[in-house]
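There are 2 protein chains.
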Amino acid sequence: MKGDSDFIDVYGSELYDYDKIARRFGIAGFRRELFPSPSRLMRRGVVFSARGQRELAEAISKGKDYYALTGIMPTADRIHLGTKSVVETIAYFQEHGADTFILVADLEAAAARGVSLKEARKRALEFYIPAYVALGINPEKTHFYFQSDNKTVMNNAYRFSGKVTLNEFRAVYGNADPPRIMAAVTQIADILYPQERKRRLGVIPVGIDQDPHIRLTRDVINRMKRSRYVVPSSLYLKFMPSLDGSSKMSKSRPEGMIELPSSPDEACRKIKRALTGGRESVELQKKKGGEPDKCMVFELYKQHLIEDDRELEEIRRECREGRIMCGECKQRACSLMKAFLVGFDKKMGDAKKKIKKIDFLRE
Amino acid sequence: MKGDSDFIDVYGSELYDYDKIARRFGIAGFRRELFPSPSRLMRRGVVFSARGQRELAEAISKGKDYYALTGIMPTADRIHLGTKSVVETIAYFQEHGADTFILVADLEAAAARGVSLKEARKRALEFYIPAYVALGINPEKTHFYFQSDNKTVMNNAYRFSGKVTLNEFRAVYGNADPPRIMAAVTQIADILYPQERKRRLGVIPVGIDQDPHIRLTRDVINRMKRSRYVVPSSLYLKFMPSLDGSSKMSKSRPEGMIELPSSPDEACRKIKRALTGGRESVELQKKKGGEPDKCMVFELYKQHLIEDDRELEEIRRECREGRIMCGECKQRACSLMKAFLVGFDKKMGDAKKKIKKIDFLRE
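Sequence lines, in order, name chains H and D.
For the first sequence, my numbering gives the first residue as 1, with consecutive numbering after it.
For the second sequence, my numbering gives the first residue as 1, with consecutive numbering after it.
Do not take every clue at face value.
Claimed, not checked - For each label pair, taking beta carbons as the anchor points, the in silico distance ranges come out as: (1) F360/H to D17/D: 51 to 59 Å; (2) E196/D to R197/H: 47 to 55 Å; (3) R23/D to T165/H: 31 to 39 Å.
As the list claims (entries may be wrong) - Pairs of lysine to any residue residues, derived as SDA-like cross-links and limited to a Cα-Cα distance of at most 25 Å, are as follows: (4) K141/D to G289/D; (5) K163/D to S116/H; (6) K198/H to R31/D.
Derived from the structure by calculation, the hints contain no laboratory data.
Heads up, the beta-carbon is just placed ideally off N, CA and C, and yes, glycines get one too.
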């Protein structure tokens with residue numbers, strides 16, 4: 001468990017003590033009661049903390065103009081379930097009136113990961129954007145752009161570089177390599193870009209590991225002479241744990257990770273080897289009941305596979321009361337995952353047709 | 001005298017031991033005999049050293065495609081005589097077939113000096129570009145651009161950031177503040193921009209204090225997988241010394257500096273207080289002769305006021321032989337400077353009309 005260090009290591013893979021981190025950085029617990037029809041991730045504590053949530057809730061309830069923004073790092077040809085949660089959270093705000101921006105961080109991919117701008121563009125068009133649409137983003141109501149096409153973002157990134165010292169970068173990130181600095185100032189410019197023509201509130205849902213960017217953005221805004229930008233709100237999502245329970249889902253533990261797309265068989269194979277909250281023997285489990293809150297299969301239900309709260313609660317109860325065993329439960333998760341993966345593929349196919357009409361922002 | 005430190009301090013104001021610096025950084029002495037009709041600054045050792053001069057001379061003599069590039073830092077409303085020398089050197093290459101690029105470093109001015117992009121644009125259009133044209137640049141044969149308008153430059157700057165480590169920035173510049181890093185990688189992108197559509201040699205004339213940028217550019221090119229860019233040649237100009245002889249001309253010693261534009265009276269007043277190579281008394285000077293090579297007035301003749309080599313040599317001889325005294329000589333410098341300043345104002349006026357037709361590059 002982590003939470004003691006002075007900075008959140010953006011590259012760390014351990015599970016976090018979320019409450020401790022939230023307290024340390026002064027992030028409030030998320031209050032789902034403030035939000036209309038809270039999403040599955042909101043209701044179940046996956047969205048676990050927030051900055052500026054009161055202003056955000058007010059913007060929604062009063063129908064004020066506000067925006068939601070997220071980015072695509074086009075370095076691969078699949079995404080993991082943690083990304084899915086961020087995208088679904090963006091979709092929630094889009095459904096609740098947010099002017100939605102999705103940027104492709106092609107400059108960062110080029111500088112930090114050696115992916116050419118051309119290749120990044122290809123991956124964004126052929127995979128990431130269709131995947132985001134398949135996960136609920138409405139492409140007709142979303143502003144998409146590539147960093148490399150956006151002069152305003154690049155100009156502002158340069159300007160913002162004068163608002164942060166090298167030591168601050170180091171304190172926030174643990175290092176201050178030049179491409180890291182470029183990425184950080186560009187990310188600030190991305191986050192504030194929707195305010196370029198109009199000063200307004202925004203919401204940025206992120207994994208807790210991305211809070212350094214958010215804090216830096218807040219600091220930069222506060223250092224500007226005239227407060228040209230509204231400090232955006234941010235929501236923090238818990239990581240999707242690795243199926244072995246040892247860390248967050250990440251490429252370094254491929255057996256613990258389910259990616260999109262995946263073959264249903266492969267996903268099932270991984271689910272069947274997942275860490276559960278089962279007891280040493282069937283007898284003991286029937287007697288003492290299982291521990292769903294330590295179970296990675298239950299985590300899959302909770303975060304991804306079961307929409308209905310009563311259905312989820314029913315599984316938890318059955319497990320706790322020793323009325324359902326792990327094998328059976330895994331089989332159920334497999335079936336649900338298969339249905340999801342097949343549906344995802346189908347939606348991806350439909351989305352690829354839709355996105356041909358996207359009019360990318362260029363400045 | 002400087003020249004011992006491990007890096008050339010870009011902000012230093014002491015006079016340099018040019019030979020020592022050239023040796024230390026492996027820069028060859030400038031060989032004017034390689035170049036057709038060498039300019040006043042080339043003939044007189046103001047252009048004192050170079051990298052890649054053989055390739056450059058060959059490009060000129062064989063009529064190959066090559067480019068010359070310099071930048072404008074639009075932070076003021078006047079330039080000093082050192083800038084004049086760089087501009088005149090660009091004009092020399094333009095007259096000798098160079099495809100000429102002049103960029104306005106408006107992003108750097110904004111991040112490092114707090115000049116807004118709008119203000120930078122205004123200054124460039126109303127002062128710097130007309131001044132450069134007045135000093136010999138042919139606007140019809142020059143590609144002008146603003147950094148903030150040039151996506152290619154910004155994209156490449158981001159990419160190049162991955163080719164330099166923080167420690168290298170620190171070694172080269174003495175510090176590695178974020179806007180400094182942004183400026184450095186953007187400058188590399190500017191220097192290489194004319195090769196974007198066509199790989200070709202270029203020449204960058206700079207004050208010796210700018211060599212760090214040049215070396216970094218060379219390093220970045222050498223680190224790229226496929227050698228996409230030709231390493232540009234560079235010429236190094238000596239500083240114009242302050243009129244008090246104590247340092248290079250700079251804003252921190254206003255009485256030692258002649259700026260363009262200046263009122264002729266003010267310029268004369270400063271010339272009359274300049275350090276000369278005169279002796280303690282007229283009698284002694286008549287007997288032993290003056291020391292023109294220690295004289296700031298002679299430096300003005302040499303670098304700026306007298307085009308004809310024989311005329312300059314005649315003054316040196318008269319001075320050395322004690323046939324001309326400092327008062328008389330200063331009066332002559334005043335007259336020449338007045339004529340130059342009046343001519344400059346006239347040319348500026350004409351240039352302002354011409355530049356309305358400039359078609360700035362936008363990418």
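Each hint tested on the structure:
Between F360/H and D17/D the beta carbon distance is about 55 Å. The supplied range of 51 to 59 Å therefore holds. Between E196/D and R197/H the beta carbon distance is about 30 Å. The supplied range of 47 to 55 Å is therefore violated. Our hint of 31 to 39 Å for R23/D and T165/H holds, since their Cβ atoms are close to 36 Å apart. Proximity of K141/D to G289/D is assessed by CA-CA distance (about 47 Å); at most 25 Å being required, the pair is judged violated.
Between K163/D and S116/H, the direct Cα distance comes to roughly 14 Å. Compliance with the 25 Å bound is thereby established for this hinted pair. Simply put, K198/H and R31/D have alpha-carbon atoms about 58 Å apart, too far for the 25 Å limit, and the pair is violated.
In summary, the structure is inconsistent with hints 2, 4, 6 from the numbered list given earlier, while agreeing with the others.
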